[in-house]
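J.: Residues in the sequence shown are numbered from 1 upward in steps of one, following this note's numbering.
By construction, these hints were calculated from the structure, which means they are not laboratory data. Treat the hints with care, since some could be wrong.
Stated by the list, open to error - What follows is a set of in silico ranges between Cβ atoms, one per label pair, in the way DEER data are often shown: (1) Gln31 with Lys59: 37 to 45 Å; (2) Val65 with Glu12: 12 to 20 Å; (3) Pro34 with Asp3: 21 to 29 Å; (4) Ile10 with Tyr55: 18 to 26 Å.
Said to hold, decoys possible - For lysine-lysine, the following DSS-like pairs were computed, each having C-alpha atoms within a straight-line distance of at most 25 Å: (5) Lys51 with Lys68; (6) Lys70 with Lys29; (7) Lys68 with Lys35.
Here a beta-carbon is modelled for each residue, glycine too, at the ideal position from N, C-alpha and C.
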Amino acid sequence: MDDEAIEDLIAELASLNTLAMTALQAIAKTQTDPKAFLAKVLEDGSAAMEKTNYYSLPKERRAIVAEKAKARFADAITSIRL
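Can you make the complete structure from the sequences, with help from the hints?
T.: Here it is as structure tokens:
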């Protein structure tokens, strides 16, 4: 992958992350208990990631990538300020 493709991928991931975080914050603010809503999002999202099959990765790397993804997801959800 060349530098421009890597930059494009990073830009795409950054924009998707911002979109998701902004949407979750807005949705949480409409809930009776926003913190409980975000806790449920965290719980459900973590459970979904445990079921994800990263089949395009070598088998010996799948668990490592899954743990990294779960950690980043948890960091993202817990960083939402209401």
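J.: For each hint, tell me whether it holds in the structure or not.
T.: Evaluated hints:
no.	hint	result
1	Gln31 with Lys59: 37 to 45 Å	holds (40 Å)
2	Val65 with Glu12: 12 to 20 Å	holds (18 Å)
3	Pro34 with Asp3: 21 to 29 Å	violated (40 Å)
4	Ile10 with Tyr55: 18 to 26 Å	holds (24 Å)
5	Lys51 with Lys68	holds (14 Å)
6	Lys70 with Lys29	holds (24 Å)
7	Lys68 with Lys35	holds (24 Å)
The earlier numbered hint that this structure contradicts is number 3, and it is the only one.
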